[in-house]
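The opening position of the sequence shown corresponds to residue 1 in UniProt numbering, with each subsequent residue numbered one higher.
If you're looking for bench data, these hints aren't it; they were derived computationally from the structure. Treat the hints loosely; a few may be bogus.
Said to hold, decoys possible - Derived DEER-like restraints, expressed as beta-carbon distance ranges:
1. Ala-253 to Gly-171: 36 to 44 angstroms
2. Glu-80 to His-29: 36 to 44 angstroms
3. Asp-100 to Arg-150: 39 to 47 angstroms
This structure is a prediction, so every number in the text was calculated from the model and none was measured. Using N, Cα and C, we set each Cβ at its ideal position, and we do this for glycine too.
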Amino acid sequence: MMASEGQDIIKIVDVNGTQLHYIKLGKNHTQSVVFTPAAFSDYRVWQFQIEPFSRNYRVVSYSRRHAYPNKIEDGFHFTEDNDAIRQYASDLAELIRKLDLAPTHLVGHSDGAFVTLYCAYTNPELVKSLVLLEPAALPLLATSQVEEDRKMFQEFWENAIKPAGEALQRGEYENGVRIFMDGAMAKGFFDKLPPPVKQSMIDNAKAFLKQAENPMPKEFRLQELKRISSLPTLFVKGEYSPKFLHRIVDILAPHLPKSEQVTIPGVTHDLGRTTKAEIFNSKVMEFLSRHA
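With the hints as extra help, turn the sequences into a complete structure.
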């Protein structure tokens, strides 16, 4: 799973008043790749990417604020002016600076891809390329002029986000994660996972509750992306992923003219990072190699 020679020791970096745990491999390479996880996940979710990518890059896989094994700070609260996406993006930018990784390739999944995108356009000087794995930029749907977009957002809110949060508030951590994952991936997805993967998601249930205070900006202005219009960007999609995630890619892609897309066959929003790691890894590394 990890490289040897003691390189796989978990490290800690002080970022914006908190401490983030991370793994760093491939220290002899000049170019770097930073992996940002999604909600209900942490640095461990990239276990099938860390070692293969470290053969050609300095790889950093980190856990976001409050995610396992980071401390959940009871006194810290996301606010409307500093929602979770903004804070996570600021933390990511500071991590890149502290570890001297810029300009770096950024890889993010789901709302972690939204974090990655937000970090890039607010700190374009830190970024070499973007790999966005079905970015869950939900404000694009919630504020869309297209009725079908707003309907898809509402359905995801009612069937996944809201009931998952209610279950977690009651302390039903496993059930809350199940509800969310079945809505984001596919019905029955959670129960088919290996027990260690289920447990890793449950480990991050309390972090999701913190994030739920103010999870995202109320709106996201596409014109902001002009700042990174020249940035090489790869969108990765799953063949069977929920329609609303593909729709977000369709909205974003025209505003990133140097973007391209790949679809991983036979998978949903997990994108085969575990089940089809060779396919996923080869697609992303091929893109990165062209933008060294």
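Hint check:
At roughly 41 angstroms, the beta carbons of Ala-253 and Gly-171 sit within the given window of 36 to 44 angstroms. For the hinted restraint 36 to 44 angstroms between Glu-80 and His-29, the CB-CB distance of approximately 40 angstroms keeps it satisfied. Range check, Asp-100 to Arg-150: about 43 angstroms between beta-carbon atoms, so the 39 to 47 angstroms window is met.
Hint compliance for this structure: no hint is broken.
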